[in-house]
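Visitor: Work out the full structure: start from the sequences and follow the hints.
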Amino acid sequence: MTDDDAAVDDVLEALAGSEIGLQEAKRQLKGVHQIDEFARVDARQGERTGIPEVVEAERKSDEQTIDIGRELLSTTGRAIVTGVSDAVREELTGAAATTQFYQRSQTFVGHTSGFERPDSDGTVGVVTAGTSDISVAEQAVALSEEMGCAVEKLYDVGVSGIHRLLAERETLADCDCVIVAAGREGALATVVAGMVSAPVIGLPVGTGSGYAGDGEAALLGMLQSCTYLTVVNIDAGFVAGGQAALIAR
Numbered sequence: 001m002t003d004d005d006a007a008v009d010d011v012l013e014a015l016a017g018s019e020i021g022l023q024e025a026k027r028q029l030k031g032v033h034q035i036d037e038f039a040r041v042d043a044r045q046g047e048r049t050g051i052p053e054v055v056e057a058e059r060k061s062d063e064q065t066i067d068i069g070r071e072l073l074s075t076t077g078r079a080i081v082t083g084v085s086d087a088v089r090e091e092l093t094g095a096a097a098t099t100q101f102y103q104r105s106q107t108f109v110g111h112t113s114g115f116e117r118p119d120s121d122g123t124v125g126v127v128t129a130g131t132s133d134i135s136v137a138e139q140a141v142a143l144s145e146e147m148g149c150a151v152e153k154l155y156d157v158g159v160s161g162i163h164r165l166l167a168e169r170e171t172l173a174d175c176d177c178v179i180v181a182a183g184r185e186g187a188l189a190t191v192v193a194g195m196v197s198a199p200v201i202g203l204p205v206g207t208g209s210g211y212a213g214d215g216e217a218a219l220l221g222m223l224q225s226c227t228y229l230t231v232v233n234i235d236a237g238f239v240a241g242g243q244a245a246l247i248a249r
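Numbering follows UniProt numbering, in which position 128 of the sequence shown is assigned residue number 128; successive positions increment by one, without gaps.
Since the hints were derived computationally from the structure, they do not count as laboratory data. Here the structure is a predicted model, which is why all the values come from computation and not from measurement. Ideal Cβ placement from N, Cα and C applies to all residues, glycine included. Keep in mind that the hints are not guaranteed to be accurate.
Just the calculated beta-carbon pair ranges, DEER-fashion [as the list claims (entries may be wrong)]: (1) THR171 with THR93: 29 to 35 angstroms; (2) GLU116 with GLU170: 30 to 36 angstroms; (3) GLU216 with GLN100: 15 to 21 angstroms; (4) ARG164 with GLY17: 15 to 21 angstroms; (5) GLY148 with GLU168: 49 to 55 angstroms; (6) THR49 with GLY94: 25 to 31 angstroms.
Guide: As structure tokens, then:
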């Protein structure tokens with residue numbers, strides 16, 4: 001039985017036991033919760049895809065972000081919100097039983113009482129070429145951990161000082177999937193992919209200067225890698241984290 005099947009069974013059992021009414025059962029089975037006219041929260045995304053929903057606060061008002069976060073807490077037991085303001089963080093902290101805040105990626109994670117993250121024996125390695133790449137890499141860390149994986153962080157081990165990476169070969173060898181976040185020319189992803197047997201996901205970061213210094217050079221370099229490297233979009237830390245956790249699990 002899948003997690004999705006189990007969720008349907010829970011709703012039907014609650015309906016049969018008169019714990020909820022017909023309309024509430026329909027609402028839960030649809031898994032989409034309307035908030036005014038600005039959002040339709042997909043409460044069953046995590047069950048359906050294995051990757052929980054992440055709310056991006058950018059270009060949303062604080063009020064909209066808070067409403068969406070509260071709805072996710074009430075329907076799924078968890079809210080993951082990135083790019084949060086101090087006001088949003090304060091409000092959602094008050095609505096959750098436990099919280100964690102990833103400062104460098106400005107990512108808030110809140111759980112209701114009794115919520116349990118999935119168990120996994122998988123380990124995701126998150127590697128950055130430089131310190132400037134950490135903010136995007138921490139998005140991947142947050143989501144991988146929320147999906148139950150252990151995370152090994154190896155930061156600032158770029159190719160300009162390759163001995164820093166070589167000193168961590170044993171750590172990399174123990175990972176089930178490795179994410180490499182790199183800006184500039186993005187060479188580190190190819191180097192790592194040539195060193196380990198685990199799948200490697202290249203995460204180009206918009207750090208650099210001059211021509212194509214906004215992440216385009218890193219993206220193109222990774223796409224043209226001579227290794228078996230999978231690449232996500234520029235600054236797509238959550239995409240990398242979600243895929244890596246699925247692989248590692």
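Visitor: State for each hint whether it applies.
Guide: Hints, verified against the model:
no.: 1; hint: THR171 with THR93: 29 to 35 angstroms; result: 33 angstroms, holds
no.: 2; hint: GLU116 with GLU170: 30 to 36 angstroms; result: 31 angstroms, holds
no.: 3; hint: GLU216 with GLN100: 15 to 21 angstroms; result: 33 angstroms, violated
no.: 4; hint: ARG164 with GLY17: 15 to 21 angstroms; result: 59 angstroms, violated
no.: 5; hint: GLY148 with GLU168: 49 to 55 angstroms; result: 23 angstroms, violated
no.: 6; hint: THR49 with GLY94: 25 to 31 angstroms; result: 29 angstroms, holds
Hint check: violations occur at hints 3, 4 and 5; the rest are consistent with the structure.
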